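Enquirer: In order, the protein sequences belong to chains A and B. Mind the numbering: the first sequence is residues 2 to 114 in our numbering, read in order. Mind the numbering: the second sequence is residues 9 to 118 in our numbering, read in order.
Quick caveat, the hints were computed from the structure, so don't treat them as lab data. Some hints here could point you the wrong way.
Said to hold, decoys possible - DSSO-like mimics (lysine-lysine), calculated; alpha carbons at most 27 Å apart, straight line:
| hint | chain 1 | residue 1 | chain 2 | residue 2 |
| --- | --- | --- | --- | --- |
| 1 | A | 56 | A | 4 |
| 2 | B | 11 | A | 58 |
| 3 | B | 77 | B | 11 |
| 4 | A | 19 | A | 54 |
| 5 | A | 56 | B | 11 |
| 6 | A | 58 | A | 14 |
All of these numbers come straight from a predicted model, not from anything done at the bench.
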Amino acid sequence: DVKVTQSSRYLVKRTGEKVFLECVQDMDHENMFWYRQDPGLGLRLIYFSYDVKMKEKGDIPEGYSVSREKKERFSLILESASTNQTSMYLCATLGGGMNTEAFFGQGTRLTVV
Amino acid sequence: DAKTTQPPSMDCAEGRAANLPCNHSTISGNEYVYWYRQIHSQGPQYIIHGLKNNETNEMASLIITEDRKSSTLILPHATLRDTAVYYCIVRGFNNNDMRFGAGTRLTVKP
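Next up, chain B with everything else stripped away, as it sits in the complex (with noise of 0.2 Å):
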């Protein structure tokens, strides 16, 4: 079963921020915290990664707490285009076994 848990639906005004919260209470120490995506009719793509320091790309930031057992997703203009159903999974840079949960499904609404 995954290891996080994520709220099911968010919807975000068009030009907002978007904040993607996932817990990941029983994370270990050696894994990583990786998000997804999967625009309707297509197979999820990576957004980003991180282990415990905040990290920032071009397609959006990741903040995990101190104690690390939660992160948020953040994309910091939303557009149409972002809506999609968004994945936070963890695991660890040696562990080959990937599960994801249901995922949030966010919704930019213009």
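Just chain A, with the same shape it has in the complex (with noise of 0.2 Å):
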């Protein structure tokens, strides 16, 4: 069975605070992206990486950072996590070429107080 795992449902962080948040692929999939999802907004892409030590700015990567540095993890770095990231966090793997279905995990609903 497919598998990305996201490392936690719910979190709670306190604001300043650094947060990471982990995806892990077992698809050995090359390309892997993190969303934010709030209400109205739909998916918003932060990050994606299409190969080890890559990644490309989405359309809203202020206030976050990433890293990839093996193939089957995209972290995801809150460098001083503030209200306004208080959100429902996606981890999505896609794989290359002839490969056509995005995977995504259950999700990470960040809190910060």
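Using the supplied hints, reconstruct the complex from the two chains, each of which is provided in its own coordinate frame.
Expert: Here it is as structure tokens:
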């Protein structure tokens, strides 16, 4: 079975904390993505990575960074968490070439207090 | 930003066909149309994709206009479990940039 695993389902952090959201996939996919989802705004792309150590900014990268040291793991980092980063965060993977289907994790609901 | 536009919400009666439209007027020749749906509290799941021909699978049908500037996802006999947010996106097979919009919230009513 295909698996995209996000390290936490629910997370509560304090303003100013450094926060790590981890995503691990077992499909050997080249591409990995981080989105945030807020009511009425759909899925907004934060960052994506098409290879180890490679990253590209999405539509809303401000306040976030990412790390991809190994193919199977893509981390989203909130350097100094703020209340406006309270959201649902979703990780996705996508194979290259003829692979057509993206797979998503279950999401991490982050609350910053 | 997403390259597609969809109505924010639609209703459908249970057992009837649900027709969800998507506009992608700037689609380029090598880009495919993909549909995903997200049921509450879950990650989005793939439904179907197509290039220019109509496509059908066990979940849905995809109708793409001849000029490829719009498409319609058809759920032939909607059930209450089809209540979800439906996303239409475009991308090429070699394009790893995957952007979603706000999607259409479909509510199937008894």
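Enquirer: Run every hint past the structure and note whether it holds.
Expert: Going down the list of hints, with the structure as the test:
no., hint, result
1, A:56 to A:4, "holds (22 Å)"
2, B:11 to A:58, "holds (17 Å)"
3, B:77 to B:11, "holds (11 Å)"
4, A:19 to A:54, "holds (21 Å)"
5, A:56 to B:11, "holds (21 Å)"
6, A:58 to A:14, "holds (24 Å)"
In the structure shown, no violation is registered for any of the earlier numbered hints.
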